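The chain contents come next:
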Amino acid sequence: MKANRYIFWGMAKSTFIHIFLMSVALTCLFPIFWMVRCAFMTNDTVFVDQSIIPHHLNFGNFALAWTKGNFAVYFVNSVIYTVCVVTGIVLISSLAAYSFSRLKFPGKNIIFYLFVAAMMIPLPGSFVALFVLMTKLHLINTRFGYILCMINVGLSMSILLFKTFFDKMPHELEDAARIDGCGKIGIWWNMAMPFARPAIAVIVIFNSLNVWNEYILATLLLGDSQLMPLQRGLVVFQGANSTDYPVLMAGLTMAAVPIIIVYLFMQKHIVKGLSGEVIG
Amino acid sequence: MRNLGIICFSLILIVLAGCSQPPKPSNKIILWHWMTDRNDTFQKLAQEYQQQTGVEVNIQLFAPSDAYSQKVIAAAQANVLPDIYGVLDKKSIVADFIKAGLVTDLTGAMDADGGQWKNSLFDKALADKSFEAGNIYGVTPGIYGVPIDVTNEQMLYNKRLLAKAGIKTPPQTFDEFVRDAQALKRVGITPFVSGWGELWLLDCFASNYAFNIMGEDKIFATFRGQVKYTDPDWIKVFSIFAQLRDKGVFIDGIVTKGNKYAEQDFALERAAFAFNGSWCVNVYHDMNPNLDYGVIPPPPISTAYPLKIWGSAGSSFVVNGQSPNKDKAIAFLKWLTAQDQQVVLARETNNLPSNKQALVDVSPILKDFAKGMDQSTHPNIWPLNEDPSVSEAFDKGIQDIIIGDKTPLQVAQEVQQAKDLQRSRGSI
Amino acid sequence: MDQKAKAAALFKDNLQNFLFVLPAFSIFCIFYIYPFYKMINLSFYDWRGIGPMHFIGFSNYQELMGDRLWWNSIGHAGYITLIALTFQNALAFALALACDREIRMKRFYRLVFFIPPVLSEVVVGLIWNWILNPETQNGQYIGLLNHFLYASGFPQLVHNWLGDPKTALTTIAIVNSWKGFGWGFIIMLAGLQTIDKQLYEAAKIDGAGAWKTFTNVTIPMMLPVILVVVILTILGCMQVFVLILAMVNEGLVHHTDVPVTRIFSAMQNTNRFGYACAQAVIFGMILVSVSFISKKLSDKAKQV
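Residue numbers (our numbering), protein chains in the order written: chain D, 1 to 280; chain V, 281 to 708; chain U, 709 to 1012.
Hints in this document: simulated from the structure, not taken from any laboratory.
Hints are not guaranteed to be accurate.
Dumping the calculated DSS-like pairs for lysine-lysine here, alpha-carbon to alpha-carbon at most 27 Å [what the hints assert, rightly or not]:
(1) Lys-168(D) <-> Lys-104(D)
(2) Lys-104(D) <-> Lys-720(U)
(3) Lys-920(U) <-> Lys-905(U)
(4) Lys-268(D) <-> Lys-905(U)
(5) Lys-370(V) <-> Lys-498(V)
(6) Lys-268(D) <-> Lys-814(U)
As the structure is a computational prediction, the values presented were derived from the model and not from experiment.
Let the hints inform the model, and build the full structure from the sequences given.
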């Protein structure tokens, strides 16, 4: 009797949780469904045909978006930028955050707060200064210059997030590693980084998305269309006046796929119960 | 690891620092533009030009136009502007570019061969980047830009929806327009749509009627501060919006509507009238090829002065004043605005050509738009403009009237306050 | 070990520790400090982006202090942030807690909740413009929301959500929360993973119920992560503007202005770069102090 009631409440609770999760999930799925649906239509039916599955499926939009948007080139560029920037950010910011969290040097707190404050202060009009600076450094219209700028963009937030996680790392972990003869670099790489794996996953996702969708800095700093990232391809479909919605939606759908793959791949690391593993 | 990174970084800096070159004349000119819809055609024409002349024109697209403008401002600061580019800003900013030596005076080239080049183009389009003698900007008089196409903003009407409401001819006066709107409402049709979430389009509509009610002299006198915005004529301008609001002429949500959405509404026959620019022919065609519509100037409310519409160069290019390839750049622009190339541009992009002889091949509705050029004006060809902060108060005030938050009189007083503030700031 | 060697060792140690920060610090100095310096500098000038610069001292700041539109815009951003801090973060936390449990379709939910942040602003703008569309055609509501309200028997609730000054900002704030909760969700989910499972077991052994465990174990362990989410929410929401442009363009009169749209307006509509920079400096100072206060508050909460 008692057991039955327990099961009943358990089921009621899980049904309630599922209803809650499902209703939120539906609001998230609706736009992506709509986007994919539009990608199969034509410009003169896209706002008229209200049926759930369009009457006439037009598969050509994807091919058109790929060629017209010059995706072959831009895709590769975006992958290069994303990989370089994200790797750079993870390494550079975790090193810095580890030092801010666990090591001592004079001026540590001031520098840390500088980073955090920098995150808060918008820099309008900084594009003029940045452009002049990059021209002087001869980094204008180079991949390297753009990558450095994008690393800078993501640095503060990543340092803050890393530090929050490193702060939670048990001291015993570190002590054990030190006894094993690990240096500071060794502890950072072998102890702190695995411990902060969920944070790394979040940072990778956040920055990948940021770089993947970035367009304004690319326009400003790059000139040669051979260097442009994916978003440049998407802009072509949004004319100053006319927009080719189905082709744009096809392009947006294709552009969203890699990010979703990155997310799928990374969220596994968020899921694993890490602390238990490491301690055990 | 980190040491390696630093070493790499400094090495690259050193290497890169070594390879800067001063610009020198070459057989290659670079063009920056922002017109996504015309990029393919430009590229094609550039290839053709290279085959004909051997001069390579590197066309680089930076869009959307906001990003493009930022890039041009930044490049001007760093002095790395390309040979040909466009300035998408107010006349006063164009003047600053000219005074900084970043724009070449094209008057000589335009007047060569008895003014052949100049005469082939629409006057109003040329005026967009021209400066008259004695202009208030202190710029040496002359022609500084080459118009690629022309646009103007007029009223569109849906013939099918009008017929449904029993209206046979489009309205000739403002009263007729209001009356037609009532007829449309009776059969459940929304009368009017426009993308007035974009303030310039709202400003354009108001300006059309200001010309109609008080004439240009009084408008310019207001800009100079000699006439107040609380003048009965200006209140009459503001009252137009109150009247249209009260009569339910506007589509719901007009003040936050982007022009793209407004174009959708008109193309999908959700409204019978629209106020839009000549590029709309292309847009409507894409969304609804069967749309049957016509174009008229906004129906005048007064007989005191002629109603003027806005019309000018849709886009213009300028030649970098510091370019070592000035002559080649000018030659290319001359070729680009010659009849044959203009016909290609007009046909492939559905824009009104800036070359008068290229009008032969455009659609009838575009030809109707072109007729409006005779009664057109534009802020860029006025001798002076209102201060942007006052314009903002003006446009936002009209939005306030449309949503019913303020009366025309209140708005007039607030705009005048903004004007007084601007004048007091200017006098410091 | 004598004093000198000790000092030398300490110096070496400090230097080593600083070397960890050096890559980040050098990139920061090159790409941030210079533009930042330029911005502060420009805020004392009257400059149109091109042409001569006029030094005007504190005039920009003086004018800014009396700029009603500017301070209203900060209020609007604050309101959007407040809704995000409460509604959005509560939602994110609840979802993260639910997904931290052993439930079916966990992977599906984890994927789906991240869709809104991934979506392009173009799609978000189009979708929400359609949902909130106030128009009618042939007597039918075009907008999904109004259509739904009408069809489900609440015609009195049909409303022009974005066109009414009373509801426009709240509508934007809710859409913004919808777009942003995915971030809070994954960060909090990541935070929940690092809580030592032994702590839960210990609580269970002590006979603590679900609520007790939540308040005594989950909340205290999550505080630092919640603080990060709070700070990131404040940052993200105070600087929101692409979404606003996508929904109401240049704005419903001034009822939907936020600081970033004011700054852009100063730069692009009125070509006042100096004024825009002064706005940014003041805005940055406000943000820094708000974050500082929220950190102090959380430190207090930790001690309790």
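Here is what the structure says about each hint:
1. About 17 Å separates the Cα atoms of Lys-168(D) and Lys-104(D), which keeps this hinted pair within 27 Å; it holds.
2. Only pairs whose Cα atoms come within 27 Å are accepted, and Lys-104(D) paired with Lys-720(U) is accepted, the gap being roughly 12 Å.
3. Between Lys-920(U) and Lys-905(U) the CA atoms are separated by roughly 16 Å; this keeps the pair inside 27 Å, and the hint holds.
4. A threshold of 27 Å between alpha carbons decides the hint, and for Lys-268(D) with Lys-905(U) the separation of about 18 Å falls inside it, so the pair holds.
5. Between the alpha carbons of Lys-370(V) and Lys-498(V) the distance comes to roughly 22 Å, so the proposed pair stays at or under 27 Å and holds.
6. With a C-alpha separation of about 11 Å, the suggested pair Lys-268(D) and Lys-814(U) falls inside the 27 Å cut-off, and the hint holds.
Comparing the model with each numbered hint stated earlier shows that all of them hold.
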